[in-house]
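Single-letter residue listing:
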Amino acid sequence: MNQINPLHIGALLLVLILFLFFKLSGIKEELVEAKQEYKVSKKLAVNVSSLKSVYENKTKTQEAIERILRQSSLKSVNFNLKKEKKSIKISSKSMDAQALNSFMGKILNGSYNISLLKIKKLNQTTASLEMEIIW
Amino acid sequence: MFTRFKSKTRKLFLDPYKSEAVEINKGEKLDIILSPSLYWVKKMKLPITNIREVKKLLPSIFEDTLPSSHYSYTAYKKGDEFFIFAYDDKKILDLLHKKEISIAQIHSIHFAQTEFIALEGAVGINEAQAMYLKDEVLLLAPLEWMSHTQNLKLENIQLSKETIKLQQFGHIVDNNNLYKIGLFMMVLALIFVIEIFITSSRRDVVLDSKDTLFSKYGLQPTMMQNRSTFSKYNKIYETQMQLREYLSYFLSMKLEDGQKILLVDYQNKILYVTVSGVKKGASRAFFSQLDAKKLHYTTSFHGENVKVEIKL
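Chains as they are written, first to last, in my numbering: chain S, 1 to 135; chain F, 1 to 312.
Keep in mind the hints are simulated off the structure, nothing from the lab.
Among these hints, one or two may not hold up.
[Claimed, not checked] SDA-like cross-link-like pairs, simulated, lysine to any residue; straight-line CA separation at most 20 Å: (1) Lys39/S <-> Asn226/F; (2) Lys118/S <-> Ser252/F; (3) Lys153/F <-> Lys210/F; (4) Lys294/F <-> Met224/F; (5) Lys23/S <-> Ala189/F; (6) Lys210/F <-> Leu44/S.
[To be verified] Computed footprint of chain S on chain F; a stretch qualifies when at least three of its residues, placed anywhere within it, have a C-beta under 8 Å from a C-beta of chain S: (7) 146-157; (8) 181-192; (9) 208-215; (10) 237-247; (11) 250-262; (12) 284-298.
Idealized CB from N, CA, C, for every residue including glycine.
Given the sequences, and given the hints that come with them, work out the whole structure.
Set out below in structure tokens:
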């Protein structure tokens with residue numbers, strides 16, 4: 001004949017609902033955090049990936065420099081190219097102002113990590129160039 | 001469960017006007033027979049055969065006859081007719097409590113109506129009342145009205161299968177409302193469980209996507225390492241942008257007659273630009289152009305050659 005007080009069952013259900021409510025709130029918060037973290041991670045990933053591809057891609061940098069040097073406006077210039085493990089060195093003992101402008105325009109408009117640059121005026125129309133690009 | 005079968009049961013006639021105390025032995029269980037004083041009974045024909053349908057009608061059948069209280073109802077069919085009952089659970093429970101009978105000591109509860117169906121003559125149930133059968137309905141009457149009454153004997157009574165269960169908390173909450181509230185709470189709990197399941201699945205998908213992101217972009221295992229890598233490359237980017245910006249300043253400068261850039265030298269993150277034809281204290285236009293760009297620079301003079309030094 002013993003029966004359970006319905007108020008006890010009600011209280012138990014209420015506790016269960018409260019527990020589930022707080023559990024749900026916690027998981028929702030975790031979801032918001034996870035989304036936020038994903039957003040931050042994606043932004044960072046895209047930035048790191050793009051910067052890495054620009055400043056740490058040896059092949060891409062070497063090919064781009066060689067392509068610049070093959071251009072018709074620079075064919076008359078006698079460039080000295082020295083490829084090393086972590087860098088590429090470009091030098092010319094003498095080049096005219098027009099070729100220098102063309103070369104520097106292309107280098108400065110590209111994304112290269114220039115570690116050394118020396119342009120020395122030799123006379124009214126010529127200058128010497130020394131440049132090192134690293135990755 | 002085994003003790004239930006082992007325990008002895010004793011029949012007890014429960015009457016509110018009987019002053020005799022009830023003694024219960026240890027381990028003994030009681031089959032309670034409720035006195036007609038503790039319930040209302042009607043015998044009637046109804047145009048319904050289903051007992052469940054009849055039970056739904058009981059509150060309205062008793063509506064006009066019962067004093068105001070919270071009642072439970074039951075019915076059983078005998079031949080073509082129904083015996084319908086109404087009883088106040090709290091009133092019976094209070095009486096049990098008064099007689100110091102706990103709910104745990106009760107084996108079953110019956111109506112006197114169902115147990116004295118073959119009663120012959122009148123039986124005295126307390127100091128003032130007797131009960132007798134009239135047209136199959138057990139009635140109460142004052143003792144004085146009866147010319148002859150027998151003593152109440154329970155030993156020979158074979159208990160029927162018609163029993164009731166007292167609603168101990170029926171007076172607190174109505175059963176229907178209780179079921180509705182309970183159902184609502186269960187549905188709410190179920191919705192929460194489903195929502196938790198869906199949300200945690202979505203969270204897992206986002207976390208998996210983050211892992212995929214790491215492998216897709218070839219990131220390092222921890223965010224700290226990646227932030228450090230980003231910081232390193234970002235510094236290179238900013239330095240290179242500054243170098244290009246400063247070079248463009250010098251290349252676009254309006255030089256006076258006789259002024260020429262002799263040397264542009266950049267190494268170890270320091271930019272040196274040597275310009276000829278710049279007289280110390282006399283070439284304000286040259287320096288005002290640099291100042292206009294808000295550059296932090298230092299200068300050193302070698303004759304009419306000035307060496308401008310800018311740290312990147």
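Hint-by-hint comparison with the structure:
| no. | hint | verdict |
| --- | --- | --- |
| 1 | Lys39/S <-> Asn226/F | holds, 14 Å |
| 2 | Lys118/S <-> Ser252/F | holds, 18 Å |
| 3 | Lys153/F <-> Lys210/F | violated, 83 Å |
| 4 | Lys294/F <-> Met224/F | violated, 35 Å |
| 5 | Lys23/S <-> Ala189/F | holds, 12 Å |
| 6 | Lys210/F <-> Leu44/S | holds, 12 Å |
| 7 | 146-157 | violated (count 0) |
| 8 | 181-192 | holds (count 7) |
| 9 | 208-215 | holds (count 4) |
| 10 | 237-247 | holds (count 5) |
| 11 | 250-262 | holds (count 3) |
| 12 | 284-298 | violated (count 0) |
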